[in-house]
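Number of protein chains: 2
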Amino acid sequence: MLKYQEVANSLEAHIREQQLAQGTKLPNVEQLLNEFHVSKSTITKALTLLEQNGVIYQVQGSGIFVRQPRRKGYINFHKPKGFTDDLEEFCVTSEVLSLEIQPVFAEIAKHLKIDVGSDIYYVKRLRFANGHVFCLEESYFPIKHVPFLNTEIATGSLFHYFAQALKLTTGFADNYLHVIQLDNDTAKLLNLNSGEPALTTEQIIHLSTGEPFDYSKVTYHYKNSQFFMSINK
Amino acid sequence: MLKYQEVANSLEAHIREQQLAQGTKLPNVEQLLNEFHVSKSTITKALTLLEQNGVIYQVQGSGIFVRQPRRKGYINFHKPKGFTDDLEEFCVTSEVLSLEIQPVFAEIAKHLKIDVGSDIYYVKRLRFANGHVFCLEESYFPIKHVPFLNTEIATGSLFHYFAQALKLTTGFADNYLHVIQLDNDTAKLLNLNSGEPALTTEQIIHLSTGEPFDYSKVTYHYKNSQFFMSINK
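In order, the protein sequences belong to chains V and B.
The first sequence runs contiguously to residue 469 in our numbering.
The second sequence runs contiguously to residue 469 in our numbering.
Some clues are possibly wrong.
If several chains are the same, the list does not tell them apart, and a pair holds so long as it fits within one copy or across any two.
What the hints assert, rightly or not - For lysine-lysine, the following DSS-like pairs were computed, each having C-alpha atoms within a straight-line distance of at most 27 angstroms:
#1 K261 <-> K424
#2 K424 <-> K349
#3 K276 <-> K308
#4 K453 <-> K349
#5 K380 <-> K261
#6 K346 <-> K403
#7 K276 <-> K261
#8 K453 <-> K424
#9 K380 <-> K360
#10 K349 <-> K308
#11 K281 <-> K261
#12 K308 <-> K346
#13 K346 <-> K459
#14 K403 <-> K261
#15 K239 <-> K281
#16 K349 <-> K239
#17 K453 <-> K308
#18 K276 <-> K239
#19 K424 <-> K459
#20 K261 <-> K239
Hints are computed from structural coordinates only; laboratory data are not their basis.
Using the sequences and the hints given, assemble the complete structure.
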């Protein structure tokens with residue numbers, strides 16, 4: 237973990253442990269420099285990260301303040317890394333319905349910027365929070381980025397595996413959201429009825445090099461999932 | 237407009253006009269310094285803004301690259317300022333169904349951090365893109381921040397009015413999303429049937445001082461709206 241992330245984590249832990257209310261003024265940059273014994277740019281980076289994550293807000297000429305902790309049980313749409321951390325108050329588990337190497341067809345190849353017919357891992361999973369299904373996920377990973385995958389790995393957090401075992405560093409992601417009526421097959425998997433509502437997302441996740449490495453379609457159970465977004469200026 | 241915003245706008249306009257493809261390498265910081273004759277921190281701020289808005293990505297030690305322009309016709313969930321700019325390829329219009337000053341009830345007062353019973357503007361609008369309804373919006377503004385509003389103003393972009401006439405500077409926003417089945421009344425307003433799907437958002441928008449000034453509930457027409465989110469590391 238980088239120094240500024242350590243500082244950010246330490247500040248966030250302090251806010252949460254002390255249960256500081258929104259609007260509570262935090263130490264200023266000078267005071268943080270004395271407390272953490274790091275460079276000013278490290279403090280600045282830590283504050284930017286906390287601001288992006290909706291933990292604090294900064295008012296020019298006035299100071300640094302606590303933002304309200306987001307409601308519990310909401311999936312945070314900001315982090316391109318899966319839900320295991322977002323839903324930390326839940327026990328998140330996955331059931332792998334399908335996992336295979338297959339040649340990629342044109343639509344997915346376009347999103348992943350790879351040749352049609354080249355090999356990808358296709359993974360279809362049901363995901364559960366405290367035993368309740370909250371989404372169906374279909375993911376496509378080019379084997380040039382993800383050379384090995386199996387059911388045991390996919391039963392856990394794929395993003396931890398990518399980061400820790402494959403040393404992949406995620407960069408940015410594009411997310412497209414639609415609301416639909418469920419078809420029969422998907423409804424059955426989610427224990428819902430055909431025609432009931434669902435939020436679907438198409439997500440293209442890129443490595444920090446800018447190469448796309450994950451194209452995923454996720455269909456959320458509308459009764460078992462809700463979402464949070466923090467918007468920053 | 238601040239200098240770094242001008243630089244950012246100019247760079248974005250260049251990318252769009254030249255129709256540069258994703259992955260196209262842009263001039264480096266040194267070259268941008270020579271081109272714009274501004275300070276390095278202005279360039280850095282402009283690049284951070286463009287990165288946040290999903291226009292570019294930066295690869296450490298490698299350079300600055302173009303990101304794919306998002307698909308047309310998607311509402312960008314990132315900007316706490318209404319849709320008039322997001323749906324710029326459409327003609328966005330509004331029909332004001334209700335606009336009145338009323339005493340605020342407890343649930344909304346809590347979100348806006350004002351006393352129960354204090355005065356707020358309540359505005360209910362249907363919003364249209366190219367004549368097709370895409371959402372029903374109910375907003376609550378404390379009169380201490382929005383002392384005047386009328387139907388003519390609310391028929392246009394409220395956020396332009398807030399920024400230009402009232403000089404309000406928006407800071408951050410919290411967004412909570414749910415997928416529901418429409419009730420009879422809302423369905424009728426959206427030209428849909430009771431029980432059909434909808435995405436609803438609860439948005440609390442804060443001024444740059446951290447004070448909440450807008451609590452809005454928006455119900456989207458699931459056939460006439462789709463959404464984009466850019467996620468950055």
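Hint by hint, here is what the structure shows:
no. : hint          : result
1   : K261 <-> K424 : neither (50 angstroms within a copy, 46 angstroms between copies)
2   : K424 <-> K349 : neither (33 angstroms within a copy, 43 angstroms between copies)
3   : K276 <-> K308 : neither (33 angstroms within a copy, 41 angstroms between copies)
4   : K453 <-> K349 : within (17 angstroms within a copy, 38 angstroms between copies)
5   : K380 <-> K261 : between (48 angstroms within a copy, 23 angstroms between copies)
6   : K346 <-> K403 : within (25 angstroms within a copy, 45 angstroms between copies)
7   : K276 <-> K261 : within (19 angstroms within a copy, 31 angstroms between copies)
8   : K453 <-> K424 : within (17 angstroms within a copy, 31 angstroms between copies)
9   : K380 <-> K360 : within (19 angstroms within a copy, 52 angstroms between copies)
10  : K349 <-> K308 : between (37 angstroms within a copy, 20 angstroms between copies)
11  : K281 <-> K261 : both (19 angstroms within a copy, 25 angstroms between copies)
12  : K308 <-> K346 : between (37 angstroms within a copy, 17 angstroms between copies)
13  : K346 <-> K459 : between (33 angstroms within a copy, 25 angstroms between copies)
14  : K403 <-> K261 : between (38 angstroms within a copy, 25 angstroms between copies)
15  : K239 <-> K281 : both (10 angstroms within a copy, 22 angstroms between copies)
16  : K349 <-> K239 : neither (34 angstroms within a copy, 36 angstroms between copies)
17  : K453 <-> K308 : both (24 angstroms within a copy, 19 angstroms between copies)
18  : K276 <-> K239 : both (12 angstroms within a copy, 24 angstroms between copies)
19  : K424 <-> K459 : both (15 angstroms within a copy, 23 angstroms between copies)
20  : K261 <-> K239 : within (23 angstroms within a copy, 30 angstroms between copies)
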